[in-house]
Every structure is written in structure tokens, then in C-alpha cells.
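Based on the sequences and whatever the hints tell you, model everything.
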Amino acid sequence: MNWRIRLTWWDKLLLALMALGAAITLVRYVGGIGSIANINDAYPWGWWVGYGIMTMIALGGVGFTITAIVEILGVHRYHPFLRPAVLMGMLCYISAIVMLMVELGRPWKVWMILVSWAPTSALFEVGWCAFLYLNVLILEFAQVPFAQLGWARALSILRTVYIPIMLLGVTLSHLHQSSLGTLLTLIPHKINDLWWSDNLPLLFLVSAMMAGPAVAILEHLAAARWLGVTLRMDLLAGLARIEAWLVGFYLAFKMGDLFYRGAADAMLSATWLALSFWVEVGFGLLLPLALLMMPEMRESRRGLATACGLVVAGVLLHRLNVAVIGLRVRHWETYTPSFGEIGVTLGITAGALFVFGWLARILPIHEEPPPHVTVHPATQPASALRGAEGVS
Amino acid sequence: MTAKAMIQDNTRCIGCRACMVACKSWNDRPADQTTFFAAEGYQNPRDLDANNYTNITFHEITTGAKPDWVFGRQLCMHCEHPACASACPTTALTKTPLGPVVFNESRCIGCRACMQACPFIIPKYDYENPAPMIHKCTFCSDRLEVGLKPACATVCPTGAISFGDRDDMVAEAKRRIATAPGTYIPEIYGLEEVGGTSVLHLSSVPFAQIGYITGLPKTPMPDLTHRWLRVTAPAFALLYGVFGALTWIVHRRMRGQGHDGETS
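First to last, the protein sequences are chains U and S.
Read in order, the letters of the first sequence correspond to residues 1 to 392 in the working numbering.
Read in order, the letters of the second sequence correspond to residues 1 to 264 in the working numbering.
I should point out that these hints are in silico values taken from the structure, not numbers from a laboratory.
Incorrect hints may have been included.
[What the hints assert, rightly or not] In the DSS-like style, the derived pairs of lysine-lysine whose C-alpha atoms are separated by at most 25 Å in a straight line are: (1) S/K218 <-> S/K174; (2) U/K254 <-> U/K190; (3) S/K149 <-> S/K24; (4) S/K95 <-> S/K24; (5) S/K174 <-> S/K149; (6) U/K109 <-> S/K95; (7) U/K190 <-> S/K95; (8) S/K95 <-> S/K218; (9) U/K190 <-> S/K218.
Here it is in C-alpha cells:
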């Protein structure tokens, strides 16, 4: 099979950003984290963990969400979203690991987590689950290149173990998406009342589920626009309905939790934190929910892109609010992400997008509709794209 | 071995900072360039950092008729139930039977979870080091093992630092408050905070006025995460079972409806 692609301007831009990220990382390894980052003793995690780990893993939730819809709930209509979702999940988790390689003080010792026994540590659980789940994602996705390479024996092994492996992946996702929230339940005195809750684990889990279909819809719109994939507006509209339910459920859960623990007053305080909360809820939940409830928006590319883009941005702001912005610190302590911090994450994100675009052009990631479905004219015969079982 | 503890009696502190010097020498920390700081206190350095495991904070407070200097002290509290150790994914931090919360640098991956977890904001990071790890007061664990006092407790010229068995120290702190109620506020910082600590602070003014973090819960911090983490294994089994059953039912029904039997 042919691994080569013709680089477009987009590819070149992504490669340039990757080079920028790599250059900044080099500086970090020579001069220390302080030479490129503004993280400090009051804000020890900052943008790298808020975006590069917490948001990246939440967006990687697209893998388990779509897998659960298609394989466990058996809604096979959405099968065309499965392979892109698994690939995106895999790339998000790899991105988070690359982020760790820059962000951890001693990344070459990260395997220590796997040989330790620290059941009291949420990070220990996150580490184990994320490690196992990445392996699951690789096993799930490997069917695609194996089918393409004609490795029949390896492929048949993967197909045999597919169902138990797939179930393991969805289960592990529930555990570690929630344990990222558990990590932060430890510091009620440090996180503003607007965001700290006993239920952070469940809020993290549900918001990751909510991010899933939004990311899948955005990916499909992007693939239709830039990769020549046939736009399946019928499927997108259906997935958008599911998304509306998920956004509505998360919103109700989040607000219910806030009122239940008696922190609703904090919403009305005239502070920057309350503003950040309202941006998160207003632009990240209320507005997209309103858009997704309108049938004409669910059937328009622009409406879907806006609504789902807002949901993803809202998840990002939530993770930043909990882990960075909402931290209560002494009044002289401040934090603004540095150029170096943002540059590294730009490089990692660009890397994930580049690899996705590359694989999407050399492997049958996107399933074309069977001939009897009348949508936009198919660009390739559907039979050519029938590969493996499972993620096929 | 009985658990040890230390009393930091701020009413006896004269701000000479001999404890800081002794700490630096015993722990072999280099001197660093500092700048004068006048936001919360007037101390220099302004806060603990990778090279300063303890710090005397200076506060100008009006007690009675005229302003006076009141000192506070920053150092690891050595919690009975340390949040940092519970958060560490590699067990680099552990509570020893003698009381110290010790740091094993060979296990540290530099994830800063302990910094985020610590209710007293104690562990610090060396940001200029290409292979950074955390730094914090060790309670001179190595000295305690051989029956010596912590370095800071040996040098205090006014007896502001007392060291002994925790039970004795708690009794002593209570005795001091009871015998001189005019000198002390009736509060032992560290007796109940986050489930108790191995360092007990006494003061003549409310602790919030001398830079201490107040309003902490009386229950151990690790309880908060334990409530969730202890259900990990049952949740795993339950979810796997439920998802498996659901998959089986859905696929069986679809086969019944005449769909092909493929699982994909």
C-alpha cells in the first residue's frame, strides 16, 4: 500500500507548528520548565494540564461515546462515525502522552506509575486506565491498516477478540474520565464553589460523553470539506439530536448539583470567576442547546459547526475553570499561559491533526454510503471501503 | 516508636531566622537571590521554594496600644493523613511511623499532583532544573531515625520550637494556653486541621493575620477521593457486566429481526 500523500498548504502549516512545538520542547529540556512556562507554585498545572491533558482526554471521549452508541446500543446507522472516532480517540490519548513528556518533570520515569501500587491516588487510576485504554484503541484501530496490508491472520485474531476488547475500552473510559474529576475533589478549599463539587467525577464523565458526538460531527463536517468525504447530513442531524439530549442532561446535572450543594449564590457574585462560569454555561451549554433544538440548525452545516464548536470550547473552558482559573490563591499570585506553553500545545494539536489527515488519505477511515442511499454523489464505490469487521 | 511532633510557639519567636539557617545547612540547600517582598508580611524570601524548606514570616500587627512585630512560620505540617501522599501516583511521598512525611526522589516523576493536593501549599518545584522534582521540609527524618531532633529545633535561642512525642507536645501546647491565656489565642493550629498534623502552631493573634491558611476542614483530605476510588474495582466489574449484557441483548434482538449476525 502507498503511505505517501501530497502535502497541501494545510499539511505544511501543521508541520511548521509541529516544528515550533518541538523547538520549544528542546528549550525546556535544556533550561528547565521555568525557561518556557509560567506555571508556578500557586498554579502548578496551568494550561498544559488544563488543555493538554484534561481537555484532550475529554475530547478523546469521542472514541468511547461513538463506540457505545454503535456497538453496545446497536445504533448501526452511525457506523460511518466509528472509525474516525476511534482514530481521533487514539490520537487524543497519544497527544496527552506527548504532553506529559513535556509537562512532567521527569517524563522518562512515567512508567513508575505502572510499577507502583497507589490505590489512594486518582492519578494512579488515571495513569493505569489511560495506558490500558490506549492499548485498546490501538487494537481496535489496527484492524484498518491490517486489512489494508492484507495481514489476514493478525486481522482474524483482532476480530475474534474485538467484542471483549471493545467492552473493556468503554468501561475503562468511564473509569478514567471520571477519575480525572476525582483528582480535583481532593482540593475543595482551593477550587471556587462554582466548580468544586463532590460530584466532579460524574460531571467529568458526563461532559466527556457530551463532547463525543460534538467532536464526531465536527470531524465529519471537516472531512466533507477538506477530504472529499460524502456529507451524510441525514446522519449528522440524527447525531445532533443525541447531542442535544446530552447537552441538556449535562446542563441539568451541573445546575442541579450547584443548587443542591447550595453554591448557587456564587453565580450571582460580581466577580471575574462568575463571569467565567457564565461564559462556560451560556456559550458552552445554553447557546448550543438552543441551536441543537432547532431542526433547521441540525440540518445546516453552519448551525452544526457553530453548536458543536461551542460545546467543545465549553468543555475546554470547564476544564480550565476547574483546574486553573477557579483556583483560590493568595492575592499576589497570578498566572497567564506563556507563549512557550501555548506553542507546545499548538505543536501537539497540529501533530494530531496532521496524522489524522495523513491516515485519512491513505486508509479507508471514512465509510462511503452504500449505493442505495441517496445522498450527495459518492466519490468512491462503497465496496472498496469494506475492510475489517468491528471498526469496519 | 512513638509518633513525634513539634510545637512552633510564635509568641516566643523573635524572628532571628536561625531555624532557616540550620535548615539550609542540614539539608544542603544553596542560597538564592531574593528580592524584598511586602505583600503578605515583610519577609525575604517571600515564600517557601525549592531552596527554602522553612521560612519566618514578618507581620506588623497592632496588638494593644502600639504596632508590633508578630512572626509566623512556614514549614511542612507533616499531616497525620497527608493529602500529598494520597495524591502521589508513584508513592514517592509516604508518612513514616515517627511522623515525618518523607519524599523519595527516586520515585518522583515531577507531576506536581502533591503541590495541587497540599492544603498548606508546601511542596515546591525547581523550575530551572531540566529534571525537576518537588522539594519540601523533611522533618529531618534522617535525624529522627537516629534519635536526634530536627535541625531547626536544636538552634532556636528562645525555645519557640519544642520537639517530642506528639501526645506530650499536644499536652504541652494546651498547658501553655491554659497557664497564660493573655499571651495565647485559645487555638492550636494543627491539632485538628485536616485530621491533625505533626507540627502544632501557637500564636498571640488569629492565625489568619499571620499568613496561615485557615478554614480548613477537620477531616482528613484523602477521605474525599477515597469515597470514589474505593468503588473503582466494583464499578469496573459492574460496568463491564452491564455493557456486555446490553451488547448481547441488542445483538440478539437484531438477529431476531433478520439483520445479519455480523457484530460490526
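To see whether the hints hold, each was checked on the structure:
With a C-alpha separation of about 18 Å, the suggested pairing of S/K218 with S/K174 holds against the 25 Å cut-off. For the suggested pair U/K254 and U/K190, the alpha carbons sit about 19 Å apart, so the restraint of at most 25 Å is met. As the CA atoms of S/K149 and S/K24 are separated by approximately 15 Å, the hinted pair is consistent with the 25 Å bound. The straight-line distance between the Cα atoms of S/K95 and S/K24 is roughly 22 Å, inside the 25 Å bound, and the hint therefore holds.
With a CA separation close to 22 Å, the supplied pair S/K174 and S/K149 stays within the 25 Å bound. With a CA separation close to 22 Å, the supplied pair U/K109 and S/K95 stays within the 25 Å bound. The straight-line distance between the Cα atoms of U/K190 and S/K95 is roughly 23 Å, inside the 25 Å bound, and the hint therefore holds. Distance check on the hinted pair: S/K95 and S/K218 sit about 19 Å apart at the alpha-carbon level, within 25 Å; holds.
Note on U/K190 and S/K218: the hinted pairing holds, with a Cα-Cα distance of about 15 Å set against a maximum of 25 Å.
Of the hints listed earlier, there is not a single one the structure fails to meet.
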